[in-house]
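Q: As given, the protein sequences belong to chains A and B, one line each in that order. Going letter by letter, the first sequence gives residues 2 to 176 in the working numbering. Going letter by letter, the second sequence gives residues 15 to 446 in the working numbering.
Read the hints as simulated data drawn from the structure, not as lab findings. Don't take every hint at face value.
[Stated by the list, open to error] Distance ranges between label pairs, derived from CB positions:
| # | chain 1 | residue 1 | chain 2 | residue 2 | range |
| --- | --- | --- | --- | --- | --- |
| 1 | A | His59 | B | Gly346 | 54 to 62 Å |
| 2 | A | Ser133 | B | Pro150 | 50 to 58 Å |
| 3 | A | Ala84 | B | Ala122 | 35 to 43 Å |
| 4 | B | Thr151 | A | Leu45 | 40 to 48 Å |
| 5 | A | Ile83 | B | Leu40 | 41 to 49 Å |
| 6 | A | Ala153 | B | Asp173 | 48 to 56 Å |
| 7 | A | Leu62 | B | Arg334 | 17 to 25 Å |
| 8 | A | Ala84 | B | Ser94 | 54 to 62 Å |
| 9 | B | Pro102 | A | Leu62 | 52 to 60 Å |
| 10 | B | Arg310 | A | Ala57 | 46 to 54 Å |
| 11 | A | Ala57 | B | Ala430 | 45 to 53 Å |
| 12 | B | Ser94 | A | Ala57 | 22 to 30 Å |
[What the hints assert, rightly or not] Within a straight-line C-alpha distance of at most 25 Å, the following computed SDA-like cross-link-like pairs (lysine to any residue) qualify:
| # | chain 1 | residue 1 | chain 2 | residue 2 |
| --- | --- | --- | --- | --- |
| 13 | B | Lys119 | A | Pro58 |
| 14 | B | Lys289 | B | Ala387 |
| 15 | B | Lys119 | A | His59 |
| 16 | B | Lys119 | B | Gly74 |
| 17 | B | Lys289 | B | His185 |
| 18 | B | Lys119 | B | Glu143 |
| 19 | B | Lys119 | B | Val109 |
| 20 | B | Lys119 | B | Ala387 |
| 21 | B | Lys119 | A | Phe61 |
| 22 | B | Lys289 | B | Arg264 |
| 23 | B | Lys119 | B | Pro172 |
| 24 | B | Lys119 | A | Val49 |
| 25 | B | Lys119 | A | Pro60 |
| 26 | B | Lys119 | B | Val176 |
| 27 | B | Lys119 | B | Val323 |
Note that the Cβ used here is the ideal one computed from N, Cα and C, for glycine as well.
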Amino acid sequence: MNGSPGGSSVRRGLAPTTPVLVLVTVVLAYDSRLALLPALLLGLLGIVAGVGLRAAPHPFLRETAAIPVIVVLGVLAAETPIAPISELLVGVVGVVFVAWLVDDPSRPAGAIVRGAVEWTIPGVGVGVAWASSFLLPSTAAPVGVAGGLLAAAIVVLAYLVRRPELFDRAEASTI
Amino acid sequence: VTGPPARAGMFHWRPRSYLLFGSGALLLVVGVSLANPAPLFLALPILLAPVAAALLGPRGAPSARTEWQVDGAGPEVRVSGAVSLSAPTDARDLVVQFAVPPGLKETAPARVGQGPDQVRFEFHWEAPEPVVVPVPTPHLTWSDPAGLVERAVQFDLPDLVVERYPAELIHIGAVRLERTIASPGETRSRRTGSSGEFFAIRDATPTEPPRRINWIASARTGRRMANEFEVERTGDVLLLIDARPSSLGRRVDTRLLSLAVAAAHGIAESFLREKARVGLGVYGEFLEAVPLAAGRTQRIRLRNAMLRVRLASEPGPPERCGVALRRYFPAGVTTILLSSLAEETSGYLVAHVRRRGFPVVVLSPSPLPMLAASRILSDEDEELVGRIARLMRRHRLARTWQEAPVVDWEEYWSLAPLVDLLRRPRQRGRGV
Chain A
2 MNGSPGGSSV RRGLAPTTPV LVLVTVVLAY DSRLALLPAL LLGLLGIVAG VGLRAAPHPF
62 LRETAAIPVI VVLGVLAAET PIAPISELLV GVVGVVFVAW LVDDPSRPAG AIVRGAVEWT
122 IPGVGVGVAW ASSFLLPSTA APVGVAGGLL AAAIVVLAYL VRRPELFDRA EASTI
Chain B
15 VTGPPARAGM FHWRPRSYLL FGSGALLLVV GVSLANPAPL FLALPILLAP VAAALLGPRG
75 APSARTEWQV DGAGPEVRVS GAVSLSAPTD ARDLVVQFAV PPGLKETAPA RVGQGPDQVR
135 FEFHWEAPEP VVVPVPTPHL TWSDPAGLVE RAVQFDLPDL VVERYPAELI HIGAVRLERT
195 IASPGETRSR RTGSSGEFFA IRDATPTEPP RRINWIASAR TGRRMANEFE VERTGDVLLL
255 IDARPSSLGR RVDTRLLSLA VAAAHGIAES FLREKARVGL GVYGEFLEAV PLAAGRTQRI
315 RLRNAMLRVR LASEPGPPER CGVALRRYFP AGVTTILLSS LAEETSGYLV AHVRRRGFPV
375 VVLSPSPLPM LAASRILSDE DEELVGRIAR LMRRHRLART WQEAPVVDWE EYWSLAPLVD
435 LLRRPRQRGR GV
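Make the full structure from the sequences, and use the hints.
A: Put into structure tokens, the structure is as follows:
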């Protein structure tokens, strides 16, 4: 038993950001190099699976709700042509996906506002990355540079994951 | 109950964070291997989100003020309370997890209302049988809205125990007990009665016996007045719980033991209210005893001891119980033995305890209603098995009656027969 509010399973799975996620996924599917119908079906299938898992009564299944959406978005992103607008679109899809995670209907209302930092920081990151990418020609060299930078970011993240106490602030022992 | 103390490592990445980190890393590999920056753009927000979540919340373990209480009567159990957090931590991000205590059933979904600075909760449970069980401490964590990181919450919470026992036990303390200490009257009672120290004068009732009328006071006031006395209560009672396993199986034994503990708790509460001295013995493989005492501290001591009662893995011999009892309790203490009498040796236990000088009354929770509830055979066979089980139990109770009076406790929410029996000293005080 936990503090999750009740409601029907469909309502538990849906959130205000779900239509936005559907919309950007459809646009991404349209923009991808895949045939339109399979791409659309793939995108919608992933989101339906994610929403369905979110509405599941078992907590473990709810935790896995992000997996089908990430897989589908990853496939569509891999098939996206190299173009500034397409890259921006993929970044926006990523930010909307994070916002969809934040807007969890099983939590009290207003999560999208309370957790604004969680989707605005990635949004700013995508904006900066896209602006840099747009100013530079999209050739193999910048991809390598970007890949190297992101690999460094992963190393930093791995360090952070191993040292979670870095996010703890010790209480002062004296006033 | 105290929540986890503040220490390093209170911050935890939740499994969803690892999922995002892994997915982001995979997208990086895909992007680099395909020489396509698009997966990198998807990876960027996915990798940044958990870090942003870690920066979002409180930088240490937030402390919460908590309060809760248990209400309801009889089988109905209602637990309500609130958890308050001070700004800037938002109480809507608290995850409150509760477990239904063993022996209770959830009758309605939990009501949880979350506001910016308080979480209110209400649970509706039902006790199918008398039970004394602590309410498990809730698990409080702060988690970001996306469920990526979490922090433990510090809180102080008073112990909460659900105590449900038959209503008749409330008045069982009025029973006059045998005295076993040298100076009767040293523990004063709050009750008034027909004997003991003079307490006050009051208006006489129409049926007042002439001996209690205060004739001088009546002559002065012009109406009939009666003397009231303060009852001396220095009686002692020993509650002996048989926690040995039987052939009924662990599940049924545990339920029967839970019933015995609930009854013992009700009896102890009632006698302690009347200032009597109450002791407790729990006999599994060995005897665990709480010596005789009265008062509020003894109440807590007994309650804690009863909450610790568990079914023994190995049954101890009956002689051992009789011998061990004399180490802790004086002979002559009225002893209420709570035993299912499911085994032949249970009867021997009564005999051994009695021969060591303890006048015994046996309260025996019957396993028959529990066995009847779990039907696995056809109706005819079940009826036959039920009849045989009833006959066997009657035979066993009859044999135990040769040693001590027995109360067969089949109707779990009523203990009127026990109260009646204890009110008849001739029956109860059978020689030892």
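Q: With reference to the structure, classify each hint as holding or not holding.
A: Outcome of the hint check:
1. His59(A) <-> Gly346(B): 54 to 62 Å: 59 Å, holds
2. Ser133(A) <-> Pro150(B): 50 to 58 Å: Since Ser133(A) and Pro150(B) have Cβ atoms about 53 Å apart, the given range 50 to 58 Å holds.
3. Ala84(A) <-> Ala122(B): 35 to 43 Å: Violated, since Ala84(A) and Ala122(B) (Cβ atoms, about 57 Å apart) do not stay within the stated range.
4. Thr151(B) <-> Leu45(A): 40 to 48 Å: This hint holds: roughly 44 Å between Cβ atoms.
5. Ile83(A) <-> Leu40(B): 41 to 49 Å: Given range 41 to 49 Å: violated, Cβ gap about 20 Å.
6. Ala153(A) <-> Asp173(B): 48 to 56 Å: Holds, since Ala153(A) and Asp173(B) (Cβ atoms, about 52 Å apart) stay within the stated range.
7. Leu62(A) <-> Arg334(B): 17 to 25 Å: For Arg334(B) against Leu62(A), whose Cβ atoms are near 52 Å apart, the range 17 to 25 Å is violated.
8. Ala84(A) <-> Ser94(B): 54 to 62 Å: About 59 Å separates the Cβ atoms of Ala84(A) and Ser94(B), which means 54 to 62 Å holds.
9. Pro102(B) <-> Leu62(A): 52 to 60 Å: 33 Å, violated
10. Arg310(B) <-> Ala57(A): 46 to 54 Å: Given range 46 to 54 Å: holds, Cβ gap about 49 Å.
11. Ala57(A) <-> Ala430(B): 45 to 53 Å: Check passed, 50 Å falls within 45 to 53 Å.
12. Ser94(B) <-> Ala57(A): 22 to 30 Å: Roughly 29 Å apart at Cβ, these two residues keep to the hinted range, so it holds.
13. Lys119(B) <-> Pro58(A): 19 Å, holds
14. Lys289(B) <-> Ala387(B): 40 Å, violated
15. Lys119(B) <-> His59(A): 20 Å, holds
16. Lys119(B) <-> Gly74(B): Violated. Lys119(B) to Gly74(B) sits at ~36 Å, over the 25 Å cutoff.
17. Lys289(B) <-> His185(B): 13 Å, holds
18. Lys119(B) <-> Glu143(B): The hint holds at about 10 Å.
19. Lys119(B) <-> Val109(B): 22 Å, holds
20. Lys119(B) <-> Ala387(B): Roughly 16 Å between the alpha carbons, so the hint for Lys119(B) and Ala387(B) holds.
21. Lys119(B) <-> Phe61(A): 24 Å, holds
22. Lys289(B) <-> Arg264(B): Outside the cut-off at roughly 36 Å; violated.
23. Lys119(B) <-> Pro172(B): 22 Å, holds
24. Lys119(B) <-> Val49(A): Not OK: Lys119(B) and Val49(A) at ~35 Å, beyond 25 Å, violated.
25. Lys119(B) <-> Pro60(A): With a Cα-Cα distance of about 21 Å, the restraint between Lys119(B) and Pro60(A) holds, given a limit of 25 Å.
26. Lys119(B) <-> Val176(B): 13 Å, holds
27. Lys119(B) <-> Val323(B): 21 Å, holds
Of the numbered hints listed earlier, those contradicted by the structure are 3, 5, 7, 9, 14, 16, 22 and 24.
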